Amino acid sequence: MTQARAIEQTRHAVRLATQTDFAEWRDAARRLATNVVPPADIVWSAGETEDLFADGAPLPDVAPNVTLNVPREFIDRAEAVICHSDPTRFALLYRILFRLRIEPNLLKIASDPDVMKLYEMEKSVRRDIHKMRAFVRFVEVGEGENKRYAAWFEPDHFIIERNAPFFVRRFTGMAWTILTPKGTAEWDGENLIVGPPATKADAPAADATEDLWRTYFTNIFNPARLKVKAMQAEMPKKYWKNLPEAALIPDLIKGADRAAREMIERMPTMPAPHHAKVQEKYWSANKTPADADAPAGSLDEARKQAEGCHRCPLWRDATQTVFGEGPQDARIVFVGEQPGDQEDIAGKPFVGPAGKVFDGVLDEAGVDRRITYVTNAVKHFKFEPRGKRRIHSKPNAGEVQACRWWVEQELGFIKPDLAVALGATAAQSLLDKAIPVTKMRGEVLTREDGLRVFITIHPSFILRIRERADAEAERARFVADMVAVKKMMAA
Amino acid sequence: MSVLSTRDKLAILSDAAKYDASCASSGAAKRNSLKSGGIGSTEGMGICHSYAPDGRCISLLKILLTNFCIYDCSYCINRSSSNVKRARFSIDEVVRLTLEFYKRNYIEGLFLSSGIIRSPDETMGEIVEIARRLRVDEKFGGYIHLKTIPECSPELLEQAGLYADRLSINVELPTDEGVKRLAPEKRPETIRVSMAKLRSKIEEKSEPTLKTKKRQRFAPGGQSTQMIIGADATNDADILGTSARLYGSYQLRRVYYSAFSPIPDASSALPLLKPPLMREHRLYQADWLMRFYGFDRHEIVAGRQDGMLDLEIDPKLSWALANRGAFPVDVNRAPREMLLRVPGFGTKAVKKMLDVRRYRRLRLEDVGRLCQSIAKVRPFIVADGWSPGGATDAEHLRARLVGKPIQLSLF
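Chains as they are written, first to last, in our numbering: chain F, 1 to 491; chain E, 1001 to 1411.
Pulled out of the complex, with its shape left as it was, chain F reads as follows (with noise of 0.2 Å):
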């Protein structure tokens, strides 16, 4: 007998004056919590409920001189938590902020079965705040000056309060109410008022856009890709009464099977009678693509030749043809490699990284730009993909063999004093065989039709040198070699 009046001595029953006021239940829970009072002995309840430990001890002060720390995160579940409806919730949430004292990490235990509960009772609250932005459905009421939208909603959880100002920003320009069994959110326009539960004799009738709606509903429904369960896992029935387009659903459902099997043995039909007409005025022109087979008769020719390439595999992948880009009566033809991520997705040679280097040093040899081509040797794009980007491939012998084709035919019709090669690969094709670069860098070959190739670097390189010295070495080499090379145009 003794023991059990201790016992209920120490019980504090606290008594929550809203069910979703934080601020409330923040201040009972700090004055419990610093007096050490632990979670057994506490009753929580909110509103005007009726039970049996009403009489206990008062709250307790704050304990002067504890502190109380919790992270943030705490705080920001619990304000979530606490409109949920389970009766539970308060005590839940003092038994974590209990734990927190000596266990700062708790809440990163997903597994720890209190902390699970939070989480699972966060979400139930978010997910009922996320079907509530999706499911009110607002009727229009009133006319001209008078008109405002009204809705009727039932949430599982106390959520109107921390939901409405979503509607505010959303549906800024209108005046609506939106009534639940668990209080209502008005707005004027201006001003947001949070009041008392509605009954469903307060929600507003139908009005006519929602025939539209059902209109859109039914047609959007493809009934071959019939997925019942998939839409109740999203809609839940309980819903339904609410929603206009809803009481469409079971039929819609009964017919799928007929209305899918009909679209499939229909047999196809004569085409349409303006079909032929259509085909006559718009497609008759454009049906055969240039014949790629036979050299061209210009640059020009060439250019809108290559556009359809199909010479090697390499157009699967890539974007567009980068053809070479200059006057057809520059001095000298530089021949890079292949065009990187920039060149594919602009279509012109030296953009990217690699092309403003080599931008900068033409520049500073006082190469003239007006009076040079720049091309490459392989004109579409190869690489591998990773992600969001788009990593480098070496092309192939293959692959520049058979891109000769365009680089003879641009050097054909140019016909330059000197043509440089522009790393391995460009004189690979240059040349017709594999050429030592840094080996035979700054040389000069005479090909068999007269042609001079100097062969040095790709202005890449310089760009994959980690070393900052080093790659201002290599740079300046390279400005070596474009002075070389404009002495040559000299002479």
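Just so you know, not all the hints are guaranteed correct.
Stated by the list, open to error - Capping the alpha-carbon separation at 30 Å, the derived lysine-lysine pairs in DSSO-like fashion look like this:
id : chain 1 : residue 1 : chain 2 : residue 2
1  : F       : 304       : E       : 1180
2  : E       : 1348      : F       : 229
3  : F       : 237       : F       : 227
4  : F       : 227       : E       : 1376
5  : E       : 1274      : F       : 254
6  : F       : 108       : E       : 1376
7  : F       : 227       : F       : 304
Source of the hints: derived by calculation from the structure; they are not laboratory data.
Model, not experiment: these values are computed from the prediction.
Using the hints, position chain E against chain F.
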């Protein structure tokens, strides 16, 4: 021809739009109407306002401006040779429908596409005008997705990006050969170049300008595309190859796979079958493995002789069964990349396990609380107090995990 009411047109032009899979409204920049006093907001996460019995979410008013079309793509209900009933909305009708639906919270935006009439620029011009009227005249802050017509002029594309949250161009089919065969008037080369142009525009505008240091608005929700699955003979390996190429090349937010669905008044060039929905589902799973689980596309289909994904089990389980040497994985020690490869672990479960691991060791029951189904996971992991023993290599593992065979229904 009798005059069609808005309701008749809505029936025709939503029916015509339903074969486009995307209804996403996520990923847009945050925006609300507090300042403008209009209506509409986008807050990152998309909201599905309803679901049709096909299990697809309805978040946008997805319609065509018109289903008249000069193209004759055999898989499309709107092709010029189709006998489908035709209709055309006025600009005003689309604007009004969007606003009226939005105000009732039926939708959170507009997804506007169109058949091509007369010329690409003329059609695109009307699409852009609808977006402009909504944004500027009506102060509409909701989501706008515009289907972009590949051949339209750069000026129209620029404006489209200014008003829309997302732009998309459909690649239509996984291979260029497929496009040439089934959509003879479409030019796959032009489609690629248009996607490239969109990427450059999006990149260019995401850089702050020199003068104002502000970013200009251009399709903040990025670009996406769609391809039809099962209308031609392309296998899953090649489809995933195409997706990998598209993600890498054009920075797409999403590639949508749309199981070829029989359409009323179908062309004889196509298989008249039920849409391969399971195949579509497996492709989405494989797509996720590539984007969020660190899988290379080659691994996913390696060992599948016909280059097709296993329809019976998901691609991750399929990979695990073919690579049992990599298991069991110790949940207390394995790196994130390896945890992501365990069948039954999602990215969220993995994150939680990594968090818990910093403070205490994981037992099997802990893992059970963090993932969906411990039965599926058990044979592939080691946890405190748990080792699968020979279960990882058991011959019947696949049969056990697949469960009872479903009896095929007579059709």
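Against the structure, the hints come out as follows:
1. F:304 <-> E:1180: 19 Å, holds
2. E:1348 <-> F:229: Holds, at about 24 Å.
3. F:237 <-> F:227: The hint holds at about 15 Å.
4. F:227 <-> E:1376: Given pair residue 227 (chain F), residue 1376 (chain E) holds - Cα atoms ~24 Å apart, limit 30 Å.
5. E:1274 <-> F:254: The hint holds at about 17 Å.
6. F:108 <-> E:1376: It holds: about 25 Å lies between the C-alpha atoms, which stays within 30 Å.
7. F:227 <-> F:304: 49 Å, violated
Violation of the numbered hints given earlier is confined to hint 7; every other hint is satisfied by the structure.
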